[in-house]
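Here is what each chain is made of, one letter per residue.
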Amino acid sequence: MVKEKVEFITGNDAVAYAVKLARVKVIAAYPITPQSPVTEKLSEYVANGELDAEFIKVEGEHSCLAAMRGAGVCGVRTFTATCGPGLMYAHENLECVHRDRTPLVIAVPNRSYSSLFPDYTDSMCEATTGFIQLFVESAQEALDTTLQGFRIAEDHRVLMPLMVLYDGYVTSHTGATVRLPSQEDVDKFLPPFKPYVVRVDPSRSEYIQWERPGVPLQEMEHEMAMTNAKEVIKEANEEYAKIFGRSYGDGLVEPYRVEDADVVLVTMASMTGTARQVVDALREKGKNVGLLRLRSFRPFPAETFQELQKKYGFRAMGVCERDVTHGCNYG
Amino acid sequence: MSDIVTTERVTIPPTGACQGCAMVLIARHTLDTLGRNSVVTIPASCGAWSGAMLIDRGPTQFPSAAAAASGIAAGLRAAGHKNTNVVVIAGDGGTYDIGLQALSGAAERGERIIYVCQNNQAYMNTGIQRSGATPRWAWTTTTPVGSVQKGKLVWPKSVPEIMEAHHIPLVATASIHNIPDLKRKVKLAQRLTTEEGKGLSYIEVLNTCPTGWRYPPEKMITLARLAVETGFWPVYEIVEGKFKLNMKPRKLKPLKEFIKLQGRFRHLTDEQIAETEKWVHARWQRLLERDERGY
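Keeping their order, the protein sequence lines are chains S and P.
Just so you know, we're using the working numbering here: the first sequence kicks off at 349 and counts up by one.
Just so you know, we're using the working numbering here: the second sequence kicks off at 18 and counts up by one.
Extracted from the complex, chain S is given alone in its bound form (with noise of 0.2 angstroms):
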């Protein structure tokens, strides 16, 4: 039986209580909107000793991404949170972080760069940056999937860094009912992190010099990875199901009234909780009409969407974005 305490907390509190709980070891962080209350939940967990990491307050993003590479390096766990313009001023430290595959788990509730409200523009121009990026719909999961982030991100089959996406404002500030997990229960679920390498030991009494394979040979390696974190996904949603009772689909894409269903919305974080009022009401005056929601949109579960499709045999997905690429068709 699993001792959970139940609080009404915004999304960013969730997050930053994750990462007490996950016993994070090095922080780095930059205040911006809407992410500020994490870096200061957390500041106050390591000031009051509730939490004992070491917390670099970085003078900026990029500053804060390369922080992150120098501490992970070292071989242990490492956390971040950012949003927006923030994570854009972090691209050129934010693409590395994969080259030297360490975990890093960075939250960020997500913010257009070019106002203060929530679209994925900033997300999405980070998908090409090696990051596995798992979308999350509430306050809870984004607790759950923080967890679930540093175990996926540090198992040796993949060893890739994570980003937990949340929606500014309806998701990072707005307050929620949250189950909050024991200590003792967190730590059976997500041990402390054992690197498969470490690149930067003083102790070690000889030196390697450090060979990464060619351009080529890398990005197969890294392409493996995140083929290898489909099932990895899959396999922490549903330890951390048998754990804490609560899982999310698969952990790839979570279907909703999907049986005989003729066409399906797809949607992504929070809007998904207002497309499924709208498929109730729809179901209720006789429609077929389903749900997915694409929780993990990098790795891509391509092959899910068509399993899904085959098993139910909807005719049509209308996708539903939050983000815009001008000159592609919006999307």
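Treat the hints as calculated values from the structure; they're not laboratory data.
All clues given are correct.
Subject to a maximum C-alpha distance of 27 angstroms in a straight line, what follows is the list of computed DSS-like cross-link-like pairs (lysine-lysine):
| # | chain 1 | residue 1 | chain 2 | residue 2 |
| --- | --- | --- | --- | --- |
| 1 | P | K99 | S | K542 |
| 2 | P | K215 | S | K405 |
| 3 | S | K659 | S | K590 |
We have chain S; now place chain P onto it with these hints.
Showing chain P alone in chain S's frame:
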């Protein structure tokens, strides 16, 4: 001689540097002095050609050396390594220009980093483009000697003075013609930064560059010495607020002796040399006064 020769070496020849490049000496004597319990990070710079080393190198991008080193220092502490030297060897581009924000942030945070800037006064590794450290009038590929504009039009900035404003335990300059002085300063940095944890130490060494300065390789040490003797490169230290001029020639040599050996200054008029000398002497005077005061 025991001060110069280190028995346990960290750097392994050969290097990929140009003949007559001082960076090799700076990297070698810094890292050999600090020993095996060190981690170094080197941003894009001539330092990338330092050759093999018996210590681990941390990753960094061009603008991020001091930030990456901050992360390495934190990561090492979190992993249980308490007394490891975390070293940055960066060029003037990665220090004066694109890396200044990260360096300033790290200094203000009191990061335990030994930051060595090997200043060759331009982007030499990229093909001799001007930097914030390039002297006035100097030729570079982006300050060409044209019919209207000849060389760099503005004075260089002084990052050691900027670093001093961060109230860090050690700010020092050094020259490769005086290796014992450089090694002493590196040891001082090790004590203040790594052992006593007082914050970031900043050491800037003039890196004479045959390729960019346009001089024959065998003149490396001669030029480094002349830079100090003419007042062009003052060698001083500020240890926990105490100022000391380390090399004080009784009378400065004419700047022309330093300038005439280098192709990058070949187009200079006598008036421009005189104006540069005036600038150099004014700075020297200020430093003499500080040396007198002791702060």
